[in-house]
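Undergrad: The primary structure of each chain is shown beneath.
There are 2 protein chains.
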Amino acid sequence: MLKGKQSWWFANRPVIIGASSVVGPEEGSGPLAESFDLVHPELDMQQKSWEKAERLLLEQASEFAVQKAGLSRQDVQFYVGGDLMNQIISSSFAARAIGAPYIGVFGACSTSMESLALACQLVDSGAAERVLAGTASHNCTAEKQFRYPTEYGSQKPPTAQFTVTGAGAALVAAQGNGPVVECATIGKVVDLGIKDPFNMGAAMAPAAVDTIQAHFNDTGRSPGDYDLIVTGDLAGVGHPIAKELLMKNGVPMDHTEFNDCGLLVYDVEKQKVQAGGSGCACSAVVTYGHLLKRLAKGELKRILVVATGALLSPISFQQGESIPGIAHAVAITAGNGEGGEA
Amino acid sequence: MLKGKQSWWFANRPVIIGASSVVGPEEGSGPLAESFDLVHPELDMQQKSWEKAERLLLEQASEFAVQKAGLSRQDVQFYVGGDLMNQIISSSFAARAIGAPYIGVFGACSTSMESLALACQLVDSGAAERVLAGTASHNCTAEKQFRYPTEYGSQKPPTAQFTVTGAGAALVAAQGNGPVVECATIGKVVDLGIKDPFNMGAAMAPAAVDTIQAHFNDTGRSPGDYDLIVTGDLAGVGHPIAKELLMKNGVPMDHTEFNDCGLLVYDVEKQKVQAGGSGCACSAVVTYGHLLKRLAKGELKRILVVATGALLSPISFQQGESIPGIAHAVAITAGNGEGGEA
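Protein chains in written order, with our numbering: chain C, 1 to 342; chain D, 1 to 342.
Extracted from the complex, chain C is given alone in its bound form (with noise of 0.2 Å):
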């Protein structure tokens, strides 16, 4: 593995061998709904709790990326996960029924892509064959935990964001078929003072204008060279700031089709969810489930994901601190040699 300043290039090349993603109701009425290997028609999952029911979908995701793989959980040597749960007691559980080895991460809604790096940085680097990256997110955890009690059905202004109820999941080996990744990039905390919790587009769009402008110094690359970059979870205010600063420091998107998971997972006209989508399982189920179907149909050759993270707390919120950012970006091609330069 060479490096770069805060770049993995992955020489040994490790393939996503499988990939699922389950969701609620709310993504299954939404554009992406037929990528999904599971839509669940009732937020509950017969569940008897929310957070019940968040570690249901990641246990389900991870089981059905390991299955998709021809394999099973025996075969996972380590697991990565992570979830906006305090104490990410959803990967955690679903860790004790996965087994494997378990290496807790935590990004915010950027542990997407922070538990993908780590895992293809695992296998590249020869620590394992096979490592399991997964992470979810629920709509009524999130709205419990960060913001008030479900029943109480507070307004929102409309920069606010509708966390994804859902989970991903990817199982990354040292050989095998599906989408090859290729490089990675881990971001810096970017805080530019925002203190809104219901502006978090705003608050992590520098973090993700960062973590781009950095790939492209270590890897040498630009945005042509990408069919498609997307974001994690920058939805309609945040999206807009990152094109625009992009622009402003000479990286103009033109050349690339750019774009937010957050936009892609809802119909952000017609379903209630604000600005758009986000949460931790906003990247994962998008990527996991709607882009690498597009990577293997050969409709898109290489793209970038930016996870992007708002690494508050309701503590440090309530104690008037501002919203550090993150970003982390994986690059992925369609695989079976197309595209490489490793």
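Keep in mind that the hints were calculated from the coordinates and are not lab data.
No false leads were slipped in.
Covered by chain D, according to a simulated footprint, are these stretches of chain C (three or more residues, beta-carbon under 8 Å):
{"id": "1", "region": "49-59"}
{"id": "2", "region": "77-88"}
{"id": "3", "region": "92-100"}
{"id": "4", "region": "104-110"}
{"id": "5", "region": "301-315"}
Some chain C residues near chain D, calculated using beta-carbon distances under 8 Å:
{"id": "6", "residue": "6"}
{"id": "7", "residue": "8"}
{"id": "8", "residue": "125"}
{"id": "9", "residue": "191"}
{"id": "10", "residue": "319"}
All C-beta atoms in this analysis are idealised placements derived from N, C-alpha and C, irrespective of residue type, glycine included.
Guided by the hints, dock chain D onto chain C, whose structure is given.
TA: Quick look at chain D alone, frame taken from chain C:
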């Protein structure tokens, strides 16, 4: 790097070129007081909240670790950190101050060795030249978040543990002077059904045993290969359970010193700490403060630090869940070519 089933062998012998520990008043009144770089005389550390005090501890330990290596923040290529706070805010705010690309992790009180193991893996595999690993906990933030308001003054059973106020950080590099990290074993989640959050030592003991046995299986080592095997924070209840389980499983600890950071950090007889210490900082300050100094003095040649974590949250406990345990082990030698096998 050679791989074991759940262990990483660091063939390139990454070095801890700087390490630091900063603690609060109770730890500064304990038997290891002279090992720490800074003892705060007051719990609030002149901050406006316990959370801000915890963050200060981590920022100070990180700064000192880098300084002791004769370097500055700009020389840190990645920061791997985590803590017990919801959404690991102490680490995320510290990462903002440090400025390096940030990999947030969570393993409850096992975070100390989870972060050190990952830091060493990144350096050993060539993914980075210098990685800082850090963690922190504060007695009052933990009380407030996991138990009762600190003003409430609730009584506790003798099986409870006392969260260490402190932070520890280690800067790992490919080359330099200092103790060498030989290998690490990543733990699985082990849950034998204990549901009492005032008896976390018992909940974590089986995980410590599982990881210690996995370590010996993967590396071909036995207890006698270490001068000291130290668990993270099993304390007065959990540590004897771990010893008994190891005996039963045919891994007697007669050929090494077998101790626990939660028993070392306080005078358990004299200080009012119930069964002993706990918290992310427990194994961190004992390892980075006390044990690395004993290695440097030649009192110890090779140690195995088995940091233990209880992966519960207040919500999971309130919903009747048991407490999943985990433990991650890291083997450290005095360095300078002594005792190494790689």
